[in-house]
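> Chains A and B supply the protein sequences, listed in that same order. Residue 52 in the numbering used here is what sits at position 52 of the first sequence, and the numbering runs on without skipping anything. Residue 61 in the numbering used here is what sits at position 61 of the second sequence, and the numbering runs on without skipping anything.
Everything labelled a hint here was simulated from the structure, so no lab data went into it. Bear in mind the structure is a predicted one, so any value in this text is a computation, not a measurement. Check each hint, because a few of them may be wrong.
Claimed, not checked - Below, a sample of chain A positions facing chain B; criterion: calculated Cβ distance under 7 Å:
#	residue
1	Phe90
2	Phe93
3	Val107
4	Lys114
Stated by the list, open to error - Taking lysine to any residue pairs in the SDA-like style, the calculated list, with each CA pair at most 20 Å apart, reads:
#	chain 1	residue 1	chain 2	residue 2
5	A	Lys91	B	Ile9
6	A	Lys58	B	Lys161
7	A	Lys58	B	Asn458
8	A	Lys114	B	His39
9	A	Lys91	B	Leu73
10	B	Lys70	B	Gly19
11	A	Lys58	B	Thr158
12	B	Lys168	B	Ser193
13	A	Lys91	B	Gln11
14	B	Lys302	B	Ile223
15	A	Lys91	B	Leu13
16	B	Lys302	B	Ile288
17	A	Lys114	B	Val151
18	A	Lys114	A	Leu76
19	A	Lys58	A	Tyr111
20	A	Lys114	B	Leu29
21	B	Lys161	B	Asp303
22	B	Lys168	B	Ile223
23	A	Lys114	B	Asn42
24	B	Lys70	B	Leu29
The C-beta atom is built at its ideal place from N, Cα and C for all residues, glycine as well.
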Amino acid sequence: MGGYTGLLILAILAAVIAVAMVSLSWLLGPKSPTRYKASPYECGVTPVGDARERFPIKFYLVAMLFILFDIEVVFLWSWMTVFREAETSFKIFSFFEVVIYMTTWIVGYLYAVKVNAMDWDESTLLSQDEDSEGRPALEGVA
Amino acid sequence: MPDRFLFPIPQDLDWFALGPIIVVVATGLVALIVEMLRHKRNNAYVVGVSVVGLLVAGAMAASQAGEPAKEILAGTFLRDRFGCVVQVLMVAACLLSVLFSEGYLRQKRIAYGEAYPLMLWATAGGMVMATSRNLVTLFVGLELLSVSLYVLAGLSRTEAKSEESALKYFLLGAFASAFLLYGIALFYGATGSLHLGRVAEVWTSGFETGRSLLAVGMALILIGLSFKSAFVPFHQWTPDVYQGAPTNIAAFMAAGSKVAAVAMLYRVLDAAQPMVALWLPPLFWVAILTMVVGNLAALVQKDAKRLLAYSSISHAGYLLVALLARFKAPDVVSDAALLYYLASYSFMTIGAFAVISVAARAGRESTGLSALNGLWQRSPFAAVALLLFVWSLIGVPGASGFVGKLLIFRDALAADLVPLAIVLAVASVVSVAYYLALVRAAWVADESEADAAVAPLNAGSGLALGICAAGVLGLFVFVGPLLGWMAGPRSAEAERAPIVRQG
Numbered sequence: 001m002g003g004y005t006g007l008l009i010l011a012i013l014a015a016v017i018a019v020a021m022v023s024l025s026w027l028l029g030p031k032s033p034t035r036y037k038a039s040p041y042e043c044g045v046t047p048v049g050d051a052r053e054r055f056p057i058k059f060y061l062v063a064m065l066f067i068l069f070d071i072e073v074v075f076l077w078s079w080m081t082v083f084r085e086a087e088t089s090f091k092i093f094s095f096f097e098v099v100i101y102m103t104t105w106i107v108g109y110l111y112a113v114k115v116n117a118m119d120w121d122e123s124t125l126l127s128q129d130e131d132s133e134g135r136p137a138l139e140g141v142a
Numbered sequence: 001m002p003d004r005f006l007f008p009i010p011q012d013l014d015w016f017a018l019g020p021i022i023v024v025v026a027t028g029l030v031a032l033i034v035e036m037l038r039h040k041r042n043n044a045y046v047v048g049v050s051v052v053g054l055l056v057a058g059a060m061a062a063s064q065a066g067e068p069a070k071e072i073l074a075g076t077f078l079r080d081r082f083g084c085v086v087q088v089l090m091v092a093a094c095l096l097s098v099l100f101s102e103g104y105l106r107q108k109r110i111a112y113g114e115a116y117p118l119m120l121w122a123t124a125g126g127m128v129m130a131t132s133r134n135l136v137t138l139f140v141g142l143e144l145l146s147v148s149l150y151v152l153a154g155l156s157r158t159e160a161k162s163e164e165s166a167l168k169y170f171l172l173g174a175f176a177s178a179f180l181l182y183g184i185a186l187f188y189g190a191t192g193s194l195h196l197g198r199v200a201e202v203w204t205s206g207f208e209t210g211r212s213l214l215a216v217g218m219a220l221i222l223i224g225l226s227f228k229s230a231f232v233p234f235h236q237w238t239p240d241v242y243q244g245a246p247t248n249i250a251a252f253m254a255a256g257s258k259v260a261a262v263a264m265l266y267r268v269l270d271a272a273q274p275m276v277a278l279w280l281p282p283l284f285w286v287a288i289l290t291m292v293v294g295n296l297a298a299l300v301q302k303d304a305k306r307l308l309a310y311s312s313i314s315h316a317g318y319l320l321v322a323l324l325a326r327f328k329a330p331d332v333v334s335d336a337a338l339l340y341y342l343a344s345y346s347f348m349t350i351g352a353f354a355v356i357s358v359a360a361r362a363g364r365e366s367t368g369l370s371a372l373n374g375l376w377q378r379s380p381f382a383a384v385a386l387l388l389f390v391w392s393l394i395g396v397p398g399a400s401g402f403v404g405k406l407l408i409f410r411d412a413l414a415a416d417l418v419p420l421a422i423v424l425a426v427a428s429v430v431s432v433a434y435y436l437a438l439v440r441a442a443w444v445a446d447e448s449e450a451d452a453a454v455a456p457l458n459a460g461s462g463l464a465l466g467i468c469a470a471g472v473l474g475l476f477v478f479v480g481p482l483l484g485w486m487a488g489p490r491s492a493e494a495e496r497a498p499i500v501r502q503g
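Working from the sequences, and respecting the hints, build out all of it.
Put into structure tokens, the structure is as follows:
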């Protein structure tokens with residue numbers, strides 16, 4: 001493993017130093033706790049309430065959609081960068097490739113719009129197709 | 001600046017070879033559009049589009065099985081007989097699961113039309129896993145399959161069990177993917193390529209660092225794939241996930257996902273042939289453990305879906321025996337036993353899950369063995385079909401399961417893996433006990449009052465059951481031609497011929 005010995009030593013050293021710094025200061029350091037010191041750090045302000053709070057699931061939805069469309073833009077960007085300089089045959093070929101690729105995105109986007117994934121208006125969020133238990137109302141079920 | 005860039009335009013684009021995968025993905029998109037346009041949650045058109053697309057893709061894949069193997073798109077796609085047969089199997093597994101989905105999902109009141117596009121894309125992922133020797137392409141296929149299945153497992157989103165199933169599957173699946181990716185990274189470090197074909201070259205080069213990196217990388221890849229194939233000791237997720245997931249999804253997971261994982265394992269082991277002395281001993285013990293633990297744990301199950309999950313684990317063990325025999329003695333043993341067993345296993349398992357899905361009613365589903373009580377009165381056809389599937393799962397002569405086990409047994413002996421053959425035979429005998437519990441629940445035990453009101457067998461389930469039953473019998477009757485189709489012309493030269501590499 002010749003070439004990797006240095007890396008290994010570095011990793012071991014880093015681990016030893018990290019563990020030593022934290023554990024030694026914890027073991028040897030003087031402690032005079034007060035209630036204020038023992039409370040969780042929240043930017044220097046007295047903490048308010050529990051950190052484990054419920055928050056709307058819409059944040060997750062928006063985060064997921066953002067990641068997806070973000071990656072799409074990254075991909076498009078790299079394609080655009082080379083597109084202008086490329087020869088014609090590549091332009092034609094890659095254009096249609098990207099059209100196909102974009103089609104999948106557009107279908108996905110339409111779907112996201114259709115299921116109101118981007119709808120922040122609370123009053124319309126409770127879909128009328130759903131019954132009180134949150135199940136979709138189905139036709140033809142007794 | 002212009003010509004410093006490489007502008008790759010694939011010169012060897014064989015659209016027809018890529019056809020089956022493209023058709024399945026496109027069908028998924030069309031099905032999603034139809035789902036958006038459909039009227040009042042009526043999924044008939046979504047199902048229709050899915051079925052048509054799958055039939056076309058299956059026909060395209062089947063028609064190419066006989067053509068010479070070739071690799072296109074700079075080595076990222078491989079079209080060969082094994083890949084084509086697995087593609088057909090994947091499509092069949094999806095088709096059968098789709099057929100009995102609608103009735104079941106309606107009974108359970110979770111008839112989300114999105115299930116069908118997701119199943120199609122999962123199938124496409126599985127098809128990719130069988131038709132490439134490029135590790136990144138394989139990984140993308142695996143993730144496409146897995147991510148779709150994570151969502152599908154949680155389809156019944158108001159049910160805690162389904163959520164648990166999705167979360168467990170997701171966490172353990174992500175864990176397994178991490179192993180796999182780490183292995184792929186080490187593989188790249190060792191070979192400087194992501195193509196599995198480079199293994200032999202690096203392994204025989206005698207360059208020690210490369211060899212040890214490759215060995216560790218391969219070990220991690222095998223661990224990742226063992227998770228996906230549910231080999232013991234990487235099987236713990238299986239019963240919980242199968243039990244919690246909607247039954248049609250569990251059927252698809254048990255058949256489709258297993259077929260895909262075994263196909264990818266086949267590709268990896270095929271490439272790792274020169275290292276056989278290294279990986280054979282650990283996988284030998286994994287196979288024994290899988291068969292023993294799978295069958296013993298199934299003995300004490302009280303839930304039909306958990307029972308079938310353990311059954312699928314033990315069948316994974318049999319499949320691993322077939323794989324090991326195939327690569328221990330590549331000149332003697334062909335792909336036929338493995339592929340035949342995969343086909344037979346898919347039919348039996350989907351069929352058995354379809355029978356269990358009949359027990360779903362009015363948004364609640366009980367999958368305990370007692371839910372099957374009195375099935376022979378409620379739905380004689382389903383009960384007879386269940387008898388046939390169990391018959392085949394045990395491996396009694398007269399159905400495809402017997403031929404499959406016989407072929408694997410014969411191959412194991414031919415490859416000098418006698419202990420595996422013996423464990424396989426003993427495990428099959430043990431399995432009689434728990435499979436009979438299924439039959440007993442359906443045929444012997446009396447129906448309790450509470451279970452009396454149950455919907456009759458709907459057309460889709462009936463059709464799926466019929467096809468599965470016909471498949472189990474058909475595979476048994478047409479063994480000869482099928483084996484010929486799966487293994488191709490049995491000449492050693494043809495089988496070992498180097499793959500034509502283009503582009």
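> Compare the distance between the alpha carbons of lysine 161 of chain B and aspartate 303 of chain B with 20 Å, and conclude whether the hinted pair is satisfied.
holds (13 Å)
> Taken at face value, is the distance from the CA of isoleucine 223 of chain B to the CA of lysine 302 of chain B at most 20 Å?
violated (30 Å)
> Measure nothing beyond the straight line between the CA atoms of lysine 91 of chain A and leucine 13 of chain B; if it is 20 Å or shorter, mark the hint as holding.
holds (17 Å)
> Is lysine 91 of chain A within 20 Å of leucine 73 of chain B, Cα to Cα?
holds (18 Å)
> If you draw a straight line from the CA of lysine 58 of chain A to the CA of threonine 158 of chain B, is it 20 Å or shorter?
Satisfied, since the Cα-Cα distance of roughly 18 Å is no more than 20 Å.
> Under the criterion of a CB-CB separation shorter than 7 Å, is phenylalanine 93 of chain A in contact with chain B as hinted?
holds (5 Å)
> Take the C-alpha atoms of lysine 58 of chain A and lysine 161 of chain B, compute the straight-line distance between them, and say whether it is at most 20 Å.
violated (23 Å)
> With a cut-off of 20 Å on the C-alpha distance, tell me whether lysine 114 of chain A and valine 151 of chain B pass.
Satisfied, since the Cα-Cα distance of roughly 18 Å is no more than 20 Å.
> Lysine 114 of chain A and leucine 29 of chain B were given as a pair; does the straight-line alpha-carbon distance stay at or below 20 Å?
Distance ~15 Å between lysine 114 of chain A and leucine 29 of chain B Cα, so the pair holds.
> Would the hint linking lysine 114 of chain A and asparagine 42 of chain B be met if the CA-CA limit is 20 Å?
holds (16 Å)
> Would you check the hint for lysine 70 of chain B and leucine 29 of chain B, treating anything up to 20 Å between C-alpha atoms as holding?
Distance of about 28 Å is beyond 20 Å: violated.
> Hinted pair, alpha-carbon criterion (20 Å max): lysine 58 of chain A, tyrosine 111 of chain A. Please report holds or violated.
holds (16 Å)
Hints 6, 7, 12, 14, 16, 18 and 24 from the earlier list are contradicted by this structure; the remaining hints agree with it.
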